[in-house]
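Chains A and B, in that order, are what the protein sequence lines are. Quick note, the first sequence lines up with residues 1 to 391 if you use full-length UniProt numbering. Quick note, the second sequence lines up with residues 1 to 391 if you use full-length UniProt numbering.
Every clue listed holds true.
One copy or two, it doesn't matter: identical chains are merged, so the pair holds either way.
Listed next, the in silico DSBU-like pairs over lysine-lysine satisfying Cα-Cα at most 30 Å (straight line):
id	residue 1	residue 2
1	K45	K350
2	K333	K373
3	K237	K347
4	K333	K45
5	K291	K333
6	K350	K237
7	K8	K45
8	K291	K157
9	K45	K220
10	K373	K45
11	K237	K119
12	K347	K333
13	K45	K13
14	K139	K237
15	K45	K337
16	K291	K383
Don't read these hints as lab results, they were simulated from the structure.
Protein chains: 2
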Amino acid sequence: MASNPPFKQEPHKLLVIPGPIEVADDVLYANAHPSMSHTSPDFIKVFGDCIRMIRTVLYSPNSQPFLIAGSGTLGWDQVASNLVQPGENVLVLNSGYFGDSFTDCLQTYGAHVDQVQAKLGEAVQPSELEAALQGKSYKLVTITHVDTSTGVLSDAKALCETVKRVSPNTLVALDGVCSVASEEIHQEEWGIDVVLTATQKGLGTPPGLSIVNASQAAMKAFHERSTPPGSYYASWKRWLPIMQAYEAGRASYFATPPVNLVYAFHASLSQITKGTPSLQERFQQHREASKRIKDTAEALGLEQVAVDSKFAANGMTALYFPVGLSASDIVPKMAEKDVTIAAGLHKDIKERYFRIGHMGISVVDKARGDIDKVLDALTEVVKKALATQKS
Amino acid sequence: MASNPPFKQEPHKLLVIPGPIEVADDVLYANAHPSMSHTSPDFIKVFGDCIRMIRTVLYSPNSQPFLIAGSGTLGWDQVASNLVQPGENVLVLNSGYFGDSFTDCLQTYGAHVDQVQAKLGEAVQPSELEAALQGKSYKLVTITHVDTSTGVLSDAKALCETVKRVSPNTLVALDGVCSVASEEIHQEEWGIDVVLTATQKGLGTPPGLSIVNASQAAMKAFHERSTPPGSYYASWKRWLPIMQAYEAGRASYFATPPVNLVYAFHASLSQITKGTPSLQERFQQHREASKRIKDTAEALGLEQVAVDSKFAANGMTALYFPVGLSASDIVPKMAEKDVTIAAGLHKDIKERYFRIGHMGISVVDKARGDIDKVLDALTEVVKKALATQKS
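If we strip away everything but chain A, and leave its shape as in the complex, we get:
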């Protein structure tokens, strides 16, 4: 539904944190859709389309998507309560803040969790994963694709290859909250059993939907479990019939879906999967924008938290403050230039770095000039702060 004249959101500071990100006018307009019944034919089609478009984004024609009202975190509960039975072993590849939290979630539902802990600024290497898999049998391995706290990227493809080669019955879950639609993910080709994500990052929609995309192998493991899922709200036993019904064009009820947000998600997914640029071009544009940000930061003397370019995400950048400077020299100064960036989050270095998100329309809608604006502001703020420091 398009407005006439076109809907324009209010002027505001440019939001370039690693999620929520800037949302396009037509997506926000869809979020202001008149209230609709969750069982109306119009909404059923929109919901079914979202299910189908998720498969497109993740190159997973045979997967089972789940769209449930909740934060991205709810995806952890979905994985932990549906795929792991109490007492089963899970291996968490921990590359930052989010590995710790996923561990807590898995343990809540009774999993025995081991971790491979990457050094700060690094991701777990396939060789470390292989060693861990050889020592013990695991039901599931979890990977944080991009750790939002550090901007560290894991090599999902190589890690999956390792699992499939060394322990082919082990499932792989990829936390793609900060990577889906900004990093290329070929879920089926790479053999990822579950991708979990949320709407407010690369998917360009306000927050409030947990998106989980399960392989046929994951669904088989779910159906074969001998104990009921440990969660009620996150239970696939409840949600699978709902997803199947909506995709088939029928309404079915377990809990009221976030109707307006699904309309908004539909608008954004339509742009991502059917608009310009193409999905492949979109990934390329994220790589290019990321390189521009990182090159400029390097020229300014800013060091990345990711210690090597192979560990650097394409949808966000985490940067240490120059020696002698702190958050107050950078973050509020960027805000004065109407650019909202994020402070640190990782407990070990929280006061020593900041984060910039570069995902979605800020990257692909070049007419907006968002990346230029970020780079100009960053350059000016850092140079001024360094000059002030010297004087």
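Once you've looked at the hints, dock chain B against the given chain A.
Frame of chain A; chain B shown alone:
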């Protein structure tokens, strides 16, 4: 933030199902707020205000509200996983579809559940509750305030009095998904320990937020539990520090809140708690609108599912089709008149009745003429269907 000229939603069919309900233009406009950081000072204040305004709606100055991305159903998980420990006894007062489901949820987290089952169209009576409480010790009693499937209203005040008198250590949880802001609830005066609800009914906001409001006694029971909460995403251990931080004006992170929806909720709560009509007048207007609907239905020869006026909700009405008529004679005919009502949901009578919601702006913004439109359409459709049947 007000738009200039004022934002007007698209023309659409009048939505009078028992939730989601019609949403005001300014609330939808807030849902289209530019994307904001969940840690921005602007959003922190909005979130804190929502916490405070929930207390106002429920007359509970000392309660602890929780606002979490999710459907109303997530409130059951919050109650079941935070307030009940595995093996403890819970008594479910079952007045329809939602009592069955709440039972499933409680059992998922290990509760031993007994039910007092009301007859179809009735709520559990205080005397039945008293008998059950005398036979066994319960940690928790749950009440469905208004069963959305039948429009049956429970006498929350009298049931709470019974619990406090017969078993003063038993907690009371009220499922107010279909009652908050359309039925009067004095949470503290009546001694309700938890009210759980969602945004898309009397609270006049799109769906996507689970709202739970816990008494000090409930929080004490939570703090005294000897086992960790059975859910991760619904765990108050995770969320309590977040709610306390936002209310105190600080950001804190567990999972990204549904930022835009919180802006929308703020707009609706502001109207409910500070606008015209007053909260007391709002409840009175719901009673009056409900009476108009029910009187008109009766004059048309339509029988309510609620067997007595004391069991009849004020925010919705469930009506049997006249003898010889079925859903296809009424529901699509109403839609042809641009009025969307709901079909049946309760498994025992699903094909035999329909439901009308009358909550929020459709009731209190009389200039809209929504109730008149519903009554005119219903009268015309029923009379025509009956005449066609005879001829």
